[in-house]
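Asker: Listed below are the residues making up each chain.
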Amino acid sequence: MHALIQGLILGVLTAGVYALMASGQTLIFGIMKVVNLAQGALVILGAYLSYQLFTSFGIDPFLAIPITTVMMFGVGMVIELVFLRPLRREDRSELSLLVTFAIALLLEGIMSVSWSTSVRSINTSYANSSWTVFGYQVTLVRLWAFLLSLAALGMLFLLLNRTRFGRAVRASVQNPESARLLGVESSRVSAIGFGIGAATAAAAGSVYGLLYPFNSGSHYDLISRLLSIVLLGGLGSIGGAVVGALVVSVSSAVVAATVSPIWSEMTFFVILLLVLLVRPRGLFGTTARGAI
Amino acid sequence: MSRLAGPLRGGLFIVILAAMPSFDLAHWVLNMLVFTLMYAVMSSAWNLTGGFAGYPSLGHAAFFGLGAYTEGLWFQHHSIHSGYEPFLILPLVGLLAALVGVPIAAIAMRTRADVFAIVTITLLFVAQTLAFNLRTLTGGAQGLSMTAPPFSLRTFERPFYYVLVLLLAVAMGITWASMRSKVGLSLAAVRADEDKAVGIGVHVVGVKLMSFAVSVGLTAMVGGVWAYYEGFIYPQFAVDPLVTIAIVLMTFLGGRATLWGPVLGAFILELAQQYLAYDLGGSQFYLIAYAAVFLVVMLLLPRGIVPSLQDRLRQRRRRHLVDANPSDGDADALGRPEVSQGIVLSRAQMVPLVGGTS
Numbered sequence: 532m533h534a535l536i537q538g539l540i541l542g543v544l545t546a547g548v549y550a551l552m553a554s555g556q557t558l559i560f561g562i563m564k565v566v567n568l569a570q571g572a573l574v575i576l577g578a579y580l581s582y583q584l585f586t587s588f589g590i591d592p593f594l595a596i597p598i599t600t601v602m603m604f605g606v607g608m609v610i611e612l613v614f615l616r617p618l619r620r621e622d623r624s625e626l627s628l629l630v631t632f633a634i635a636l637l638l639e640g641i642m643s644v645s646w647s648t649s650v651r652s653i654n655t656s657y658a659n660s661s662w663t664v665f666g667y668q669v670t671l672v673r674l675w676a677f678l679l680s681l682a683a684l685g686m687l688f689l690l691l692n693r694t695r696f697g698r699a700v701r702a703s704v705q706n707p708e709s710a711r712l713l714g715v716e717s718s719r720v721s722a723i724g725f726g727i728g729a730a731t732a733a734a735a736g737s738v739y740g741l742l743y744p745f746n747s748g749s750h751y752d753l754i755s756r757l758l759s760i761v762l763l764g765g766l767g768s769i770g771g772a773v774v775g776a777l778v779v780s781v782s783s784a785v786v787a788a789t790v791s792p793i794w795s796e797m798t799f800f801v802i803l804l805l806v807l808l809v810r811p812r813g814l815f816g817t818t819a820r821g822a823i
Numbered sequence: 177m178s179r180l181a182g183p184l185r186g187g188l189f190i191v192i193l194a195a196m197p198s199f200d201l202a203h204w205v206l207n208m209l210v211f212t213l214m215y216a217v218m219s220s221a222w223n224l225t226g227g228f229a230g231y232p233s234l235g236h237a238a239f240f241g242l243g244a245y246t247e248g249l250w251f252q253h254h255s256i257h258s259g260y261e262p263f264l265i266l267p268l269v270g271l272l273a274a275l276v277g278v279p280i281a282a283i284a285m286r287t288r289a290d291v292f293a294i295v296t297i298t299l300l301f302v303a304q305t306l307a308f309n310l311r312t313l314t315g316g317a318q319g320l321s322m323t324a325p326p327f328s329l330r331t332f333e334r335p336f337y338y339v340l341v342l343l344l345a346v347a348m349g350i351t352w353a354s355m356r357s358k359v360g361l362s363l364a365a366v367r368a369d370e371d372k373a374v375g376i377g378v379h380v381v382g383v384k385l386m387s388f389a390v391s392v393g394l395t396a397m398v399g400g401v402w403a404y405y406e407g408f409i410y411p412q413f414a415v416d417p418l419v420t421i422a423i424v425l426m427t428f429l430g431g432r433a434t435l436w437g438p439v440l441g442a443f444i445l446e447l448a449q450q451y452l453a454y455d456l457g458g459s460q461f462y463l464i465a466y467a468a469v470f471l472v473v474m475l476l477l478p479r480g481i482v483p484s485l486q487d488r489l490r491q492r493r494r495r496h497l498v499d500a501n502p503s504d505g506d507a508d509a510l511g512r513p514e515v516s517q518g519i520v521l522s523r524a525q526m527v528p529l530v531g532g533t534s
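Chains as they are written, first to last, in our numbering: chain A, 532 to 823; chain B, 177 to 534.
Possibly wrong hints are sitting among the right ones.
Output of the computed footprint for chain A on chain B, the stretches with three or more beta carbons under 8 angstroms from beta carbons of chain A [unchecked claim]:
1) 300–311
2) 421–435
3) 466–477
Chain B is faced by these chain A residues, among others (derived, beta-carbon under 10 angstroms) [stated by the list, open to error]:
4) S627
5) V630
6) F632
7) L636
8) G640
9) S643
10) I754
11) S755
12) E796
13) F799
14) V801
15) G813
If you want the ones that stay clear, here's a sample from chain B, every Cβ over 10 angstroms from chain A, calculated [unchecked claim]:
16) L184
17) L193
18) P197
19) G377
Just so you know, the hints here were simulated from the structure itself, not pulled from any lab data.
On a predicted model such as this, the values are computed, not experimentally measured, just so you know.
Here a beta-carbon is modelled for each residue, glycine too, at the ideal position from N, C-alpha and C.
Kindly generate the complete structure, drawing on both the sequences and the hints.
Answerer: Given below as structure tokens:
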């Protein structure tokens, strides 16, 4: 029982970070109908950037987030402009899978060359401090990571629901044709949307670097988790991404705590397959494809 | 004549391939050709679902691994005498993979295009986890070894080479036959608009499952040959996302839903890859170069080499027609290539469509 509850706590705290990464990915899908397989690589790139800022300038990873998000926003815009915009509309959804995978490989290659393939971790002074509440252990970093992810998600929510740009995004998600007719410049929305997706990856990356050791190959593991989360929640739904993240990380943490860590990764794939059996569009996916 | 041209060209290609080892090629050349053939067979197989049916599976490497482990496990319990037994059980390996593939496809193919790709890639990761974790069966990360074949060192590669040529002939034969039959038309209908295909009475589920089963069966057989050739099965190479990606990329480069596209793609890319890996060595620049090739192909030739060439050729032929008879035909309508969806109309079929030239 103790292990189960400990697993639950860990799972919920970790879910925040995954929800943040997945929200960026699902946002990109919502706007552009592009499944971004490079999201994991962007997260790892974000982790490396904050690692570099920490080791070279001593900037705390949490404080580095504003810097890395701005940088990665630029990276995301460039990726959209150079690699995704030239794709023809009719075969975009299929080709974009391959193109974003190639981008992931490219980023992996660049990261391996710049930082070598040895495993890095960001060792802050508070990395190992934790509290014990009612006999359950809560690491400080995880708690902070959770709160920060919640804050970032909240900002994303405000951006989408309270700003002019957000309205343009939601319009293009619901109906790209009418949005264009009403004067929404869809190409600009796409570029900025991809930039925001990359920026969430950067924020999540800083946190990820604090929580786990990583190297350039870590993105394979990440992308498989992210895809399960996004599919489970329903592509294009940010609320769904949050629920998906909760399901995935709680189930894998619980299985890791009660059964064995080696089977924890299997759990959410199995859950995903079962959900898809009943609802091929995921839990919150609509038939219209992509309501935020 | 034109009805025989296809099989003749295919037969000639296979005969030339089969004759290659007789020229006493160096071991490294044959070794390279063995790997190229493996990819040619797998791309042709992938093309059946990914190209013709329009279901881009990213999970084929899981079936490659299934084939490899089936072969490996079978010969944990049976001994190898003549060295040809592993080849003889290949049809069984293929059948097993096809049987495993049917229920998986029945679930996964409820989703379409991009979601299907993601579902199959998760399948790949499941298979990878299983390969690492079912230690009693797969040996986990330590891998599984196979008895070395008792072939003479001088001609060691040849049996593998011939078996792969045979598999390629089978894969291309199946592709050719399905392109010329109702199956191919049904698959094209599924790819173009599945809902309408259901509406006009195409057995959508049947053809989808069949193409998937055949496709993964062939892939697993290549996995079996690979396991025997390498002699050792490590989970990270048996179930490798890069294998999937290579297959997909080769098919896209050559041209989806064409007979020659995947083969051409495999010959170009695998040879280029071997060269890059050799030239840039173990350095990580290799990954960057590979990704760059990948991106350039996708952006410049989104439809692949064979369809682009076909368009170019058809355009020129039509220009000749127009030049010969300037009086008839709307030059603009004739000059524009129609989007090739794999089924290429012959000139005889086209003439009535564009308003005769005779």
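Asker: Could you run down the list of hints and mark each one as holding or not?
Answerer: Each hint tested on the structure:
1. 300–311: holds (count 6)
2. 421–435: Since three or more residues must qualify, the claim that chain A covers the region 421–435 of chain B holds, with 4 doing so at under 8 angstroms.
3. 466–477: holds (count 7)
4. S627: holds (8 angstroms)
5. V630: holds (5 angstroms)
6. F632: holds (6 angstroms)
7. L636: holds (4 angstroms)
8. G640: holds (3 angstroms)
9. S643: S643 (chain A) check passes; min Cβ-Cβ to chain B is 4 angstroms, inside 10 angstroms.
10. I754: The hint holds - I754 (chain A) has a Cβ within 10 angstroms of chain B, the shortest such distance being about 8 angstroms.
11. S755: With a minimum Cβ separation of about 4 angstroms from chain B (threshold 10 angstroms), the hint on S755 (chain A) holds.
12. E796: Since chain B brings a Cβ to about 5 angstroms from E796 (chain A), closer than 10 angstroms, the hint holds.
13. F799: Result: holds, 9 angstroms to nearest chain B Cβ.
14. V801: It holds, given that the least Cβ distance between V801 (chain A) and chain B is near 8 angstroms, below 10 angstroms.
15. G813: With a minimum Cβ separation of about 8 angstroms from chain B (threshold 10 angstroms), the hint on G813 (chain A) holds.
16. L184: holds (33 angstroms)
17. L193: holds (28 angstroms)
18. P197: The claim stands: P197 (chain B) keeps its Cβ more than 10 angstroms from every Cβ of chain A (closest is about 34 angstroms).
19. G377: It holds; G377 (chain B) is separated from chain A by about 23 angstroms at its closest Cβ, greater than 10 angstroms.
Hint compliance for this structure: no hint is broken.
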